[in-house]
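> With the hints as your guide, set chain B onto chain A.
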Amino acid sequence: MNGIHDLGGRHGLGPINPEPNEPVFHAPWEGRAFGLFAATFVFAGYTVDEFRHAIENMDPAHYLESSYYEHWMSAFEHLLTTRGIVTREELAAKVAELSKETNRCC
Amino acid sequence: MLLTPELVPVVTSTGASARVAAHVAPRFRAGDQVLIRNWQPTTHTRLPGYIRGKKGVVEKDYGVFAFPDTHAHGKGEKPQHCYSVRFTARELWGDQASDRDSLRVDVFDDYMDPR
Numbered sequence: 001m002n003g004i005h006d007l008g009g010r011h012g013l014g015p016i017n018p019e020p021n022e023p024v025f026h027a028p029w030e031g032r033a034f035g036l037f038a039a040t041f042v043f044a045g046y047t048v049d050e051f052r053h054a055i056e057n058m059d060p061a062h063y064l065e066s067s068y069y070e071h072w073m074s075a076f077e078h079l080l081t082t083r084g085i086v087t088r089e090e091l092a093a094k095v096a097e098l099s100k101e102t103n104r105c106c
Numbered sequence: 001m002l003l004t005p006e007l008v009p010v011v012t013s014t015g016a017s018a019r020v021a022a023h024v025a026p027r028f029r030a031g032d033q034v035l036i037r038n039w040q041p042t043t044h045t046r047l048p049g050y051i052r053g054k055k056g057v058v059e060k061d062y063g064v065f066a067f068p069d070t071h072a073h074g075k076g077e078k079p080q081h082c083y084s085v086r087f088t089a090r091e092l093w094g095d096q097a098s099d100r101d102s103l104r105v106d107v108f109d110d111y112m113d114p115r
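Those protein sequences? They're chains A and B, same order as listed.
The first sequence runs contiguously to residue 106 in this note's numbering.
The second sequence runs contiguously to residue 115 in this note's numbering.
What the hints contain is simulated information worked out from the structure, not anything from laboratory work.
One thing to keep in mind: the hints can contain errors.
To give an idea of the chain B side of the interface with chain A (calculated C-beta under 10 Å), a few residues [what the hints assert, rightly or not]: (1) A18; (2) G31; (3) Q40; (4) T45; (5) Y50; (6) I51.
Derived coverage of chain B by chain A (criterion: at least 3 residues anywhere in the stretch with Cβ under 8 Å from a Cβ of chain A; other residues may be distant) [stated by the list, open to error]: (7) 2-11; (8) 70-81.
Values in this document were obtained by computation on a predicted structure and should not be read as measured data.
Where is the CB? At the ideal position from N, CA and C, for every residue including glycine.
Extracted from the complex, chain A is given alone in its bound form:
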């Protein structure tokens, strides 16, 4: 698809600035997001190509404003909810619960 992900050759996006001594993960949640692929792709029955397509189907504005592993999380949400493994309601409830915890501790 001619989506927002196909950025090759576009002007005006600014330089690519490689991070010196870039860590493998910038925060612990990124490591968990990485692990979710191996933990879900077999039992949820999707291929790496379907996973990539789920990222391409993100809202274009959200795609440009979010980080690499946020793209992954968006794909997991799409793939697991469309298969009925997780419902949108369960996802929203968990987000609300975690937001409360964050507010309490900080």
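Below, chain B alone, put in the same frame as chain A:
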């Protein structure tokens, strides 16, 4: 199948390779001149837009892999060869590009024709 602790080293060392152990005849070989098709599906593809309609030269045959365009949509692996194809910077970006630069892109059999 659930991911168990014993499976983790296996999965993390081999990854999710799309290589397929099938014998499929290659349509091209190193040195062949190719023209990239004007392929614009609304579905998944690994063909970058900026090489459509461009001329390149096959540099290397990587072997046989699942075809992403069908594999992403439950339409089978359609195993085929994937190649490293070289494009000059001027072919892709026009006359303002350096005449010394070139770019290599991984291209599947179904994305190109001989020229």
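> Checked against the structure, which of the hints given earlier come out wrong?
2
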